[in-house]
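Read in order, the letters of the sequence shown are residues 1 to 117 in the UniProt record's numbering.
No lab work stands behind these hints, which were simulated from the structure alone. Beta carbons are placed, not taken as given, at the ideal position from N, Cα and C, and that holds for glycine. There may be inaccurate statements among the hints.
What the hints assert, rightly or not - List of simulated lysine to aspartate or glutamate pairs, EDC-like, C-alpha gap at most 16 Å:
| hint | residue 1 | residue 2 |
| --- | --- | --- |
| 1 | Lys73 | Asp9 |
| 2 | Lys58 | Glu31 |
| 3 | Lys49 | Asp32 |
| 4 | Lys46 | Glu3 |
| 5 | Lys58 | Asp29 |
| 6 | Lys46 | Glu72 |
| 7 | Lys49 | Asp63 |
To be verified - Cβ-Cβ distance ranges computed for the label pairs, FRET-style:
| hint | residue 1 | residue 2 | range |
| --- | --- | --- | --- |
| 8 | Lys111 | Lys73 | 37 to 45 Å |
| 9 | Glu5 | Lys111 | 43 to 51 Å |
| 10 | Asp63 | Val24 | 24 to 32 Å |
| 11 | Glu62 | Asp9 | 14 to 22 Å |
| 12 | Glu25 | Phe48 | 27 to 35 Å |
| 13 | His109 | Glu30 | 48 to 56 Å |
| 14 | Val21 | Lys58 | 17 to 25 Å |
| 15 | His67 | Asp20 | 21 to 29 Å |
| 16 | Cys39 | His109 | 37 to 45 Å |
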Amino acid sequence: MNEGELLRDHINQFITLLNDVKNVEVQIDEEDQALLLLCSLPLSYKHFKKTLIYGRDKLSFEDVKGHLLSREKLDNKFGLDSKADRQASVLVASKKRDKRCYYCKKLGHVKADCYKL
1 MNEGELLRDH
11 INQFITLLND
21 VKNVEVQIDE
31 EDQALLLLCS
41 LPLSYKHFKK
51 TLIYGRDKLS
61 FEDVKGHLLS
71 REKLDNKFGL
81 DSKADRQASV
91 LVASKKRDKR
101 CYYCKKLGHV
111 KADCYKL
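Taking the hints into account, I'd like the entire structure generated from these sequences.
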């Protein structure tokens, strides 16, 4: 999966691949399917993957899929849902650091937040 790709589309492609594998009579057990799905995620899911893998005794594909879709819903509702939004937030953060205090003349804050006052 590439950054910025919709998670729902990735999961659908993954299920299609699993069905193709089943059609050639190769069996992949449920836990291996879950691990393969987690391994196919980009680096931005690093902490999410660790939480799922180390927080359980056994993984199931349906559980992993459900957690991923729930996370996508939350990201779309509350978080940053596109690469452009993430880049815009970085730009805003960098502009905040470029502010100069008129009192102490240092970068990174404004007079109202100056620790020397």
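*What hints, given by number in increasing order, does this structure fail?*
When the structure is compared with the hints, none of them turns out to be violated.
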